[in-house]
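We have chain A already, so just place chain B on it with the hints.
Number of protein chains: 2
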Amino acid sequence: MPKTSKRTANTPSSPIRRLVPFAEAAKKKGTEVFHLNIGQPDIETPKIGVKALQEADLGVIAYSHSAGTASYRNKLVEFYSRYAIDINSEEMIVTNGGSEALLFAILACTDAGDEIIVPEPFYANYNGFAKSLDVNIVPITAHIETGFALPPIDAFEAKISAKTKAILICNPSNPTGYMYSVEELEQLKSIVQRHDLYLIADEVYRDFCYEGQQHTSILAIDGMEEYAVMIDSISKRYSACGARLGLVVSKNKAMMAEAMKLAQARLSPSTLAQILGEGLIDTPRSYFEEVTKEYDLRRKTVINRLQAMEGVVCPNPLGAFYTFVQFPVDNSDKFCQWLLEEFSHNGKTVMMAPGTGFYDTEGLGRQEARIAYVLNTNALNEAMDCLEAALKVYPGVVKKQTKAINV
Amino acid sequence: MPKTSKRTANTPSSPIRRLVPFAEAAKKKGTEVFHLNIGQPDIETPKIGVKALQEADLGVIAYSHSAGTASYRNKLVEFYSRYAIDINSEEMIVTNGGSEALLFAILACTDAGDEIIVPEPFYANYNGFAKSLDVNIVPITAHIETGFALPPIDAFEAKISAKTKAILICNPSNPTGYMYSVEELEQLKSIVQRHDLYLIADEVYRDFCYEGQQHTSILAIDGMEEYAVMIDSISKRYSACGARLGLVVSKNKAMMAEAMKLAQARLSPSTLAQILGEGLIDTPRSYFEEVTKEYDLRRKTVINRLQAMEGVVCPNPLGAFYTFVQFPVDNSDKFCQWLLEEFSHNGKTVMMAPGTGFYDTEGLGRQEARIAYVLNTNALNEAMDCLEAALKVYPGVVKKQTKAINV
Chain A
-16 MPKTSKRTAN TPSSPIRRLV PFAEAAKKKG TEVFHLNIGQ PDIETPKIGV
34 KALQEADLGV IAYSHSAGTA SYRNKLVEFY SRYAIDINSE EMIVTNGGSE
84 ALLFAILACT DAGDEIIVPE PFYANYNGFA KSLDVNIVPI TAHIETGFAL
134 PPIDAFEAKI SAKTKAILIC NPSNPTGYMY SVEELEQLKS IVQRHDLYLI
184 ADEVYRDFCY EGQQHTSILA IDGMEEYAVM IDSISKRYSA CGARLGLVVS
234 KNKAMMAEAM KLAQARLSPS TLAQILGEGL IDTPRSYFEE VTKEYDLRRK
284 TVINRLQAME GVVCPNPLGA FYTFVQFPVD NSDKFCQWLL EEFSHNGKTV
334 MMAPGTGFYD TEGLGRQEAR IAYVLNTNAL NEAMDCLEAA LKVYPGVVKK
384 QTKAINV
Chain B
-16 MPKTSKRTAN TPSSPIRRLV PFAEAAKKKG TEVFHLNIGQ PDIETPKIGV
34 KALQEADLGV IAYSHSAGTA SYRNKLVEFY SRYAIDINSE EMIVTNGGSE
84 ALLFAILACT DAGDEIIVPE PFYANYNGFA KSLDVNIVPI TAHIETGFAL
134 PPIDAFEAKI SAKTKAILIC NPSNPTGYMY SVEELEQLKS IVQRHDLYLI
184 ADEVYRDFCY EGQQHTSILA IDGMEEYAVM IDSISKRYSA CGARLGLVVS
234 KNKAMMAEAM KLAQARLSPS TLAQILGEGL IDTPRSYFEE VTKEYDLRRK
284 TVINRLQAME GVVCPNPLGA FYTFVQFPVD NSDKFCQWLL EEFSHNGKTV
334 MMAPGTGFYD TEGLGRQEAR IAYVLNTNAL NEAMDCLEAA LKVYPGVVKK
384 QTKAINV
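Respectively, the protein sequence lines represent chains A and B.
The opening position of the first sequence corresponds to residue -16 in our numbering, with each subsequent residue numbered one higher.
The opening position of the second sequence corresponds to residue -16 in our numbering, with each subsequent residue numbered one higher.
Simulated from the structure, these hints should not be mistaken for laboratory data.
From a predicted model like this one, the values you see are computed outputs, not experimental measurements.
A portion of the hints provided could be inaccurate.
Heads up, the list lumps identical chains together, so a pair's fine if it works in one copy or across two of them.
[Unchecked claim] Derived pair list, reagent style SDA-like, types lysine to any residue, alpha-carbon separation capped at 20 Å:
id, residue 1, residue 2
1, K146, V43
2, K234, V380
3, K317, I174
4, K375, A237
5, K146, A(-8)
6, K12, N329
Chain A with its partners taken away, still in its complex shape (with noise of 0.2 Å):
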């Protein structure tokens, strides 16, 4: 039998997968979970946009241009205007998600040896694509005690050597929830333009930040041009994950030459997700203020419920849709798997995401995982419930905590 390759085995699963089976067997025994575990929001994609497609005339669905429609690139243009983003069309291609876009700006800046540097915890597919186009992530713990700030510069200039390439985060961050200060992200151009790194950041949670918060680009920041590769997608944005609509942004001529070598190698984005998207962005604000209020109660209500629990440690996320949370136990992937496995509360139990598969360092996120609060209040509070009465059965409790500064 021919063998598989070595790069696709040093590729990692999907750490979030691995519990699918557990909680198909939970609802198999009647209990049901509550789904903390994926960024699947339950927001409607907005009407405008699904009429865009819908009444469309679609009589032949032919290839766009490989960078994408020009009615769609160009009203990017204004959309992005109204965030401070000065961009023209030129600077962006579209893509069949926001992996596309990642995989793009992965393959044009770096090549087979070289090393990325992140931040961890960070979202768990980013190992994934590096691991499987040969590219080493080289990890720097951020910690909970800080409600995962960015590492400070040293720890950066520390891990640069000749292999590094780029710099990528998550702003806001999936998983912390974290959203960087405009002073974070000058140390960030202070690094990158020392050291000559792209910086390439994951902006597709832009939209969602609370208590007044304002999320600021890399593309805003001046002296960043060179440098700044910035991803986007319309799935988190509009609750159109299905639609695998994507960006990728950058004014850094070469490298966009070159990842459009890549998207003329694939043809084409999608014709039908670009009419949805071209349609959704004549979304009015009020849907996002809307949205916003409705995740702001969602976060309120977990980060309350959480901070109230004995040993728990949640730190007070201002961005995305996620916290990263610390639980007084023995390990969270066992907890994890108990939780559907072994315990149900009035007949119910909660799937979340073990740390561990958020971070590259072994033996880091332990007691740590996240959760998405992607679900109404009433279902979070009645996951919180759940929560609440597995730690006070769980085996494998531990009333000392390594860490428990709530911030």
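Showing chain B alone in chain A's frame:
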């Protein structure tokens, strides 16, 4: 400024797109351009699929399963049985276009520095994918005298090394329209079995066969189970290129498990495209009969006209909707550019894809060009009028042909 990667530097630009600025300039001058350069059919996407999408309840456009929705995959099982292809829903991963299917196949089957053997001329983007993933394509030249039939087994044996991981074919072929016989597929089987290689077959033109020919899938050949990786797409079958809905199929469980990690890293294929694709499976048989009849008419029109032109060598392709033609010219890159820049006939001209872009061997294809017969017969006849007139006035016409056997 940070450097771009060597791998994308080595990735060729799409040769088909090089002429686009010249076509745009011609149109600006008021010249009508017949686009025989790309495989974008003018045939309507069947209404039954469009209706399924446009009437679907798209409340939340959510991620699907990473391998594709269960309902679409189950329907595909029935669909492929119509072609004597016996596969189950676990043996397939739905992808964002055939392009992503090829990406998964290459990553799962090869490491950086490995080689894939491909009969040339071949679909130019194979080189784009391979180079960007640090894989070298090793070409084996097929010849116009045999209508681009499979080169002899000896030619393959001579090129196989420890680095060879796969043979990649396109059947029926883009760009030649050649369709491999069962005997040729059996020959390929004997090679891949003997050398433990994957046989990757791009079968996206399966439905376009003429003169009573029957296409045979590599999945329908006994003994191929561990070796065969089939790439498919709805782009050509239903004239839905912009939907970006493909499929990678293999009975090799290890290979598919690796591909599944990649599928999970990018989360999901398009939910919209899958609704369309599921609807399209109900396209009545009469649609294909009509479409094939139409393409056959176009094929005959183009072939007859080309074969009647002095010094032109045009085989008789029995599949897909391309023909790969030799012209009595000094250089077909120049000729194709000249057609757009300097020539017009009754205010009209022709755009073709120069042959060099389909060969990996330097120097081959300099008198050849690919013609896609994706326009109606009136337009095709007018395009042939242009070509005929052009060959009478093109300054680089050569009288003596290197090859001149019509097959």
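How the hints compare with the structure:
Within a single copy, K146 and V43 get their C-alpha atoms no closer than 47 Å, and across copies no closer than 42 Å, so neither meets the 20 Å cut-off. For a Cα distance limit of 20 Å, the shortest separation of K234 from V380 qualifies neither inside one copy, at 51 Å, nor across copies, at 45 Å. Proximity of K317 and I174 under a CA criterion of 20 Å is satisfied in neither setting, with 39 Å inside one chain copy and 48 Å between copies. Taking the shortest alpha-carbon separations for K375 and A237, neither the intra-copy value of 57 Å nor the inter-copy value of 42 Å comes in at or below 20 Å.
Taking CA atoms no more than 20 Å apart as the test, K146 paired with A(-8) passes between copies only; the shortest distance there is 18 Å, against 22 Å inside one copy. In this assembly of identical chains, the alpha carbons of K12 and N329 lie at most 20 Å apart only when taken from the same copy (13 Å versus 75 Å across copies).
Comparing the model with each earlier hint shows violations of hints 1, 2, 3, 4; every other hint is respected.
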